[in-house]
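Each protein sequence line maps, in turn, to chains A and B. The first sequence begins at 1 in my numbering and counts up one residue at a time. The second sequence begins at 1 in my numbering and counts up one residue at a time.
No lab work stands behind these hints, which were simulated from the structure alone. Being a predicted model, the structure only gives us computed values, none of them experimental. All C-beta atoms in this analysis are idealised placements derived from N, C-alpha and C, irrespective of residue type, glycine included. Check before you lean on any hint, since a few could be wrong.
Stated by the list, open to error - Stretch by stretch, here's where chain B covers chain A in the computed footprint (C-beta under 8 angstroms, at least three residues):
(1) 9 to 18
(2) 109 to 121
What the hints assert, rightly or not - Result set (DSBU-like, lysine-lysine): computed pairs, CA atoms no more than 30 angstroms apart in a straight line:
(3) B:K5 x B:K20
(4) A:K109 x B:K5
(5) B:K25 x A:K131
(6) B:K5 x A:K53
(7) A:K109 x B:K25
(8) A:K53 x B:K49
(9) A:K13 x B:K49
(10) B:K20 x A:K13
(11) A:K13 x A:K53
(12) A:K109 x A:K131
(13) B:K25 x B:K49
(14) B:K42 x B:K20
(15) A:K53 x B:K42
(16) A:K13 x A:K109
(17) A:K109 x B:K20
(18) B:K5 x A:K131
(19) B:K20 x A:K53
As the list claims (entries may be wrong) - A partial selection of chain B residues facing chain A, derived with a Cβ cut-off under 8 angstroms:
(20) F44
(21) A60
(22) L61
(23) D63
(24) T64
(25) R86
(26) T100
(27) T104
(28) V108
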Amino acid sequence: MPHPAREPLQQVKQRRDAALRALADGIPYAQYLGISFDRRGDELTAVLPFDNKLIGNPMLPALHGGVTAAFLEVAAIVGLSWSYLWEDMESGALSLESLEAGDLPRLPKTIDFTVDYLRSGLPRDSYARAKVTRSGRRYASVHVEAWQDNRDRPHAQATGHFMMPARG
Amino acid sequence: MAHDKNDFARQFIEAIPHSKELGMKVTLIENGEAEITMPYDKRFVGDPKTGVIHGGAVSALMDTCGGTAVISHPDVPGPTATIDLRIDYMRAATPGQGITARATCYHVTRSVAFVRATAYDEDFDRPVATATGAFTVDRSNKS
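So that you can see chain A by itself, here it is in the shape it has in the complex (with noise of 0.2 angstroms):
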């Protein structure tokens, strides 16, 4: 039996990476607190490098709790959206072509949100990573945790509900 033709690995890269700026790209207000996302396979890492006008409290100094929120609720959204369109994406269901045009698969909705916030966020990078942790028909449960140095000391966590985009 012939092996099925696989795939240059380049082209690979370059179909999830325009599926990851395709989506990430096409929410202004991510776009503008600067968070981009790095991608391991189909893992992803959000990250909000500092900025001064990301400051909540300029006596600390400590970012903005609502940019923290924002953040941890853009990576909630983009790494669950992630989680389904990864699918797609590998079976070639989803065009690149029109993804580049702006063709944007539906987003999810925000049923409710809930932000601990562990420390306060100092005045340097962020990352922050989500875990699906239950994905259905119509709704979804998502958990993220959003850090600066280290890892095992995060600043905020999150966790959030969601409705699932009708599947076309």
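Position chain B relative to chain A; hints supplied.
Quick look at chain B alone, frame taken from chain A:
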């Protein structure tokens, strides 16, 4: 006295870099109650297909408004920080309309202040989101 504290708080909040960025204006600050408005801005959109403001920007507004309600409470002597904040999204805010958040600090203990908040667009009969939160009370610097 209370007026001095509130005027100072209003100036302080409107001077916070990120609050300034989002265009927040304190329209009420008194006895544990606060109201803050934020204009519609395309930069803060979550989904370009609909033009609806991102939940994160609403979170930033709710968090600021909650903290403002806490420091305006007569039993709270100094600054505060958010311990946790839960936001429930009732519906998408209407694109093009500003958001107004109203927060009440309804209970204060030695070390914790409890807050409820609601966010509206121009339709004050149908909230966009509600929030509950706990904030720290700092009594280390009693004056």
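Hint by hint, here is what the structure shows:
no. : hint            : verdict
1   : 9 to 18         : violated (count 0)
2   : 109 to 121      : holds (count 10)
3   : B:K5 x B:K20    : 20 angstroms, holds
4   : A:K109 x B:K5   : 39 angstroms, violated
5   : B:K25 x A:K131  : 36 angstroms, violated
6   : B:K5 x A:K53    : 25 angstroms, holds
7   : A:K109 x B:K25  : 28 angstroms, holds
8   : A:K53 x B:K49   : 26 angstroms, holds
9   : A:K13 x B:K49   : 27 angstroms, holds
10  : B:K20 x A:K13   : 40 angstroms, violated
11  : A:K13 x A:K53   : 34 angstroms, violated
12  : A:K109 x A:K131 : 17 angstroms, holds
13  : B:K25 x B:K49   : 28 angstroms, holds
14  : B:K42 x B:K20   : 16 angstroms, holds
15  : A:K53 x B:K42   : 17 angstroms, holds
16  : A:K13 x A:K109  : 28 angstroms, holds
17  : A:K109 x B:K20  : 27 angstroms, holds
18  : B:K5 x A:K131   : 43 angstroms, violated
19  : B:K20 x A:K53   : 9 angstroms, holds
20  : F44             : 5 angstroms, holds
21  : A60             : 2 angstroms, holds
22  : L61             : 7 angstroms, holds
23  : D63             : 4 angstroms, holds
24  : T64             : 6 angstroms, holds
25  : R86             : 4 angstroms, holds
26  : T100            : 16 angstroms, violated
27  : T104            : 18 angstroms, violated
28  : V108            : 18 angstroms, violated
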